[in-house]
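Line by line, the protein sequences are chains A and B.
Take the first sequence: its letters are residues 1 to 423, numbered as in the working numbering.
Take the second sequence: its letters are residues 1 to 423, numbered as in the working numbering.
Be a bit skeptical, because a hint or two may be false.
Same chains, same label: a pair holds when it works inside one copy or across any pair of copies.
Quick list of in silico lysine to any residue cross-link-like pairs, SDA-like style, CA-CA up to 25 Å [stated by the list, open to error]:
1) K405 / G147
2) K418 / G62
3) K378 / R245
4) K423 / G385
5) K405 / E387
6) K216 / H183
7) K190 / V253
8) K106 / S11
9) K301 / N160
10) K249 / G147
11) K32 / V122
12) K389 / D73
13) K162 / P118
14) K418 / Y297
15) K389 / D107
16) K190 / P159
17) K190 / Q111
18) K153 / P254
19) K216 / I176
20) K216 / S101
21) K32 / Q381
22) K249 / W161
Worth flagging that the hints you see were computed from the coordinates, not collected in a lab.
Protein chains: 2
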Amino acid sequence: MIAANDPARSSWLNVAADSDFSIQNLPFGIFKTAASDARAASAIGDQVVDLAALHRLGFFEGIELPEGVFESDTLNDFIALGQPVWRAVRDRISDILKSDSTYSLKDEASQQAEVLFPMAEVEMLLPVYVRDYTDFYSSEEHATNVGTMFRGKENALMPNWKHLPVGYHGRASSIIVSGTDVHRPKGQTKADDADPAYGPSRLLDFELEMAFIIGKSTTLGDQVTTGEADAHIFGMVLFNDWSARDIQKWEYVPLGPFLGKSFASSISPWIVTLDALEPFRVAGPVQQPAVLPYLQYEGDKNFDIQLEVDIETAGGDAQTVCVSNHKHLYWNINQQLAHHTVNGCNINVGDMMASGTISGPAEGSYGSMLEITWRGTKPVQMPDGTERKFLQDGDSLVIRGFSQKEGVRVGFGEVRGKVLPTK
Amino acid sequence: MIAANDPARSSWLNVAADSDFSIQNLPFGIFKTAASDARAASAIGDQVVDLAALHRLGFFEGIELPEGVFESDTLNDFIALGQPVWRAVRDRISDILKSDSTYSLKDEASQQAEVLFPMAEVEMLLPVYVRDYTDFYSSEEHATNVGTMFRGKENALMPNWKHLPVGYHGRASSIIVSGTDVHRPKGQTKADDADPAYGPSRLLDFELEMAFIIGKSTTLGDQVTTGEADAHIFGMVLFNDWSARDIQKWEYVPLGPFLGKSFASSISPWIVTLDALEPFRVAGPVQQPAVLPYLQYEGDKNFDIQLEVDIETAGGDAQTVCVSNHKHLYWNINQQLAHHTVNGCNINVGDMMASGTISGPAEGSYGSMLEITWRGTKPVQMPDGTERKFLQDGDSLVIRGFSQKEGVRVGFGEVRGKVLPTK
């Protein structure tokens, strides 16, 4: 077992029972304060742990770390040091923060003042520079729902869907961190009975997704097998793939989604490592028909991660519109990565690969307004008496996610974004 | 007129009449020699002009250039200095190299030894770091040919095609420079009468394209109008969008091309500036029906660039398979950029936006084997007696392009890639 995952560990710092950031989590992110520049961090309870300060104070002695690796506005250089280094650093943070720690931070108030910051008082930044971003389409329920709406129940799934994890390239430049507001995009749309028109999207939607982040690069021509994939993945984040359905509908044939998506994609600021998620692995759905050998895999490659989506109105009312789970995904992340590289496509540290909308099997577990309201035919009732077919200006969309088992909770915090009027 | 474009100028260096690199061109690239690191360059005749050396020797006096800006393995930092700086540097290079130059390079053999390198003896590198890469689909003839093959003549063009420049996100990491060999990709394919299968692509194709490179970034939420687009574009390159047709056919519905393209895209090493192409602007096709106001434009936005594609066999025989022209494009680069940013999608210096296959109106001007051989039904006869439906291992695919007018030639050199067997 990875030492930092030991469920028996607790911290000398106060960690609420329902905190996403237990000592078994210790995710990685980038933060800054009013007084200082961006640098790398971990999190515990409601505290941010300044890794640059820990390094400066000598707490990482014995781990080979380049000078300044944590004094950066991205984690890419740290991630590029490789899995043994991430593990050693996370284990060391755990050793420093655990109840029976022999490290001095526990008792030295002056060190604590240098290392620990209340989460509420810092600004979290985009944790990685995303070289390339890919979006998959790996939930059978989502693909079936959308297919049923647009092509009928009999032709819901395309013939290729159960043979390969369908995916497409997305826009890397417009990936933003939780808390960044999103202007309603403008674009070209076409109603069935009208000429094409230009204006603000009227069908602004979210998509509940998770994304994994590449931790080990390859060279053009290399393949990563399903068995090798774990070692190439650093961790995961919550992902909101904002979607303008009216723009998407008119543009996407035959080359796929483009401007209906590229105005923004939001991620949660803390990358939860694959190591921390290890205890929450579960078996995925049985894949029938059997997949080709290059997509076959051994072991549990799905994760039991509970997901919830809320719409918060400008007036402060919140309505949960979806409760889903990452384990529903038909195609797992090892298969996604093996497929992505089967043609020799090179991957780089910081690449982000998203799951596609994670819908569950039942109403209430659908991961987009398109499905929740079934193309607007079943509006969501909000606590303030209004209803929603799609998102309105002033609405905040919040995705939360966590794993929990035998008293240990490892969570992602949230990804939040507010819809602002067209700029 | 831009001084460097003066057709009356000639150089004190020998420049062949049919050279792509006249004194009116002066493109930008990155090169290295066996003896030294990567650095920025221009080209004239068969010589590479070391810009780092010119800077070191004081030739750019009066132009505000950061120290070391040319001692880089990409042009991004130089490009980010902005259009006035690119123009000043190109004009200065022209002044240094023109016949009646008053700069010392003309007469100082020791300076020439430091600045000039025979093109045949240097290695050209990828000239920019490509942040995001987008591929458009802007040739009416190409879209019509492909549509006719797959959906019949009546439904050849999709309903959206004449209303917006269809495009999709491509893979940035696998963009490679001319001269880099390409392994035949493996992947999943499906014959009409068989189960899905895994193996090397059997239908490897090229696509004759050109791409423009962003010279000025925007912030998320900003739009670039067709009128503003010129100032955001640094220059253009030849682009070969390698395509595995069998992989593409099976994977691309409904989210577009993915692994059928992402194994490699090749570009020519010299970026010809938009400034150098200015004299070769021509009117584009009349757009009917009229486009929405945000896609309307003023002035000549197409370019008269003659394009040729050759297949060279391993045995050294060459066959020209396509003669086309950039001017055929229905959607011009200003419209492409205005459309790309209409939703507020941010662009960055170094972004690459490709045209899509540039097919002309007649047989002989089609820009892919798919069209040239009409899905393999009309094989190309090679000089050695063999024939080609698609590309074979050992074939080199070479695209060349140049503009010529009133005795002035401004060319791109070539983009070359050899097909190697599956790795």
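Results for each hint:
no.: 1; hint: K405 / G147; in the structure: neither (35 Å within a copy, 53 Å between copies)
no.: 2; hint: K418 / G62; in the structure: neither (44 Å within a copy, 48 Å between copies)
no.: 3; hint: K378 / R245; in the structure: within (16 Å within a copy, 41 Å between copies)
no.: 4; hint: K423 / G385; in the structure: neither (28 Å within a copy, 62 Å between copies)
no.: 5; hint: K405 / E387; in the structure: neither (36 Å within a copy, 64 Å between copies)
no.: 6; hint: K216 / H183; in the structure: between (34 Å within a copy, 22 Å between copies)
no.: 7; hint: K190 / V253; in the structure: both (13 Å within a copy, 21 Å between copies)
no.: 8; hint: K106 / S11; in the structure: within (10 Å within a copy, 73 Å between copies)
no.: 9; hint: K301 / N160; in the structure: within (22 Å within a copy, 40 Å between copies)
no.: 10; hint: K249 / G147; in the structure: both (13 Å within a copy, 19 Å between copies)
no.: 11; hint: K32 / V122; in the structure: within (6 Å within a copy, 45 Å between copies)
no.: 12; hint: K389 / D73; in the structure: neither (38 Å within a copy, 50 Å between copies)
no.: 13; hint: K162 / P118; in the structure: neither (46 Å within a copy, 55 Å between copies)
no.: 14; hint: K418 / Y297; in the structure: neither (39 Å within a copy, 34 Å between copies)
no.: 15; hint: K389 / D107; in the structure: neither (54 Å within a copy, 75 Å between copies)
no.: 16; hint: K190 / P159; in the structure: between (28 Å within a copy, 10 Å between copies)
no.: 17; hint: K190 / Q111; in the structure: neither (60 Å within a copy, 62 Å between copies)
no.: 18; hint: K153 / P254; in the structure: both (22 Å within a copy, 16 Å between copies)
no.: 19; hint: K216 / I176; in the structure: both (22 Å within a copy, 20 Å between copies)
no.: 20; hint: K216 / S101; in the structure: neither (31 Å within a copy, 52 Å between copies)
no.: 21; hint: K32 / Q381; in the structure: neither (39 Å within a copy, 64 Å between copies)
no.: 22; hint: K249 / W161; in the structure: both (20 Å within a copy, 13 Å between copies)
When the structure is compared with the earlier hints, violations turn up for hints 1, 2, 4, 5, 12, 13, 14, 15, 17, 20, 21 and for no others.
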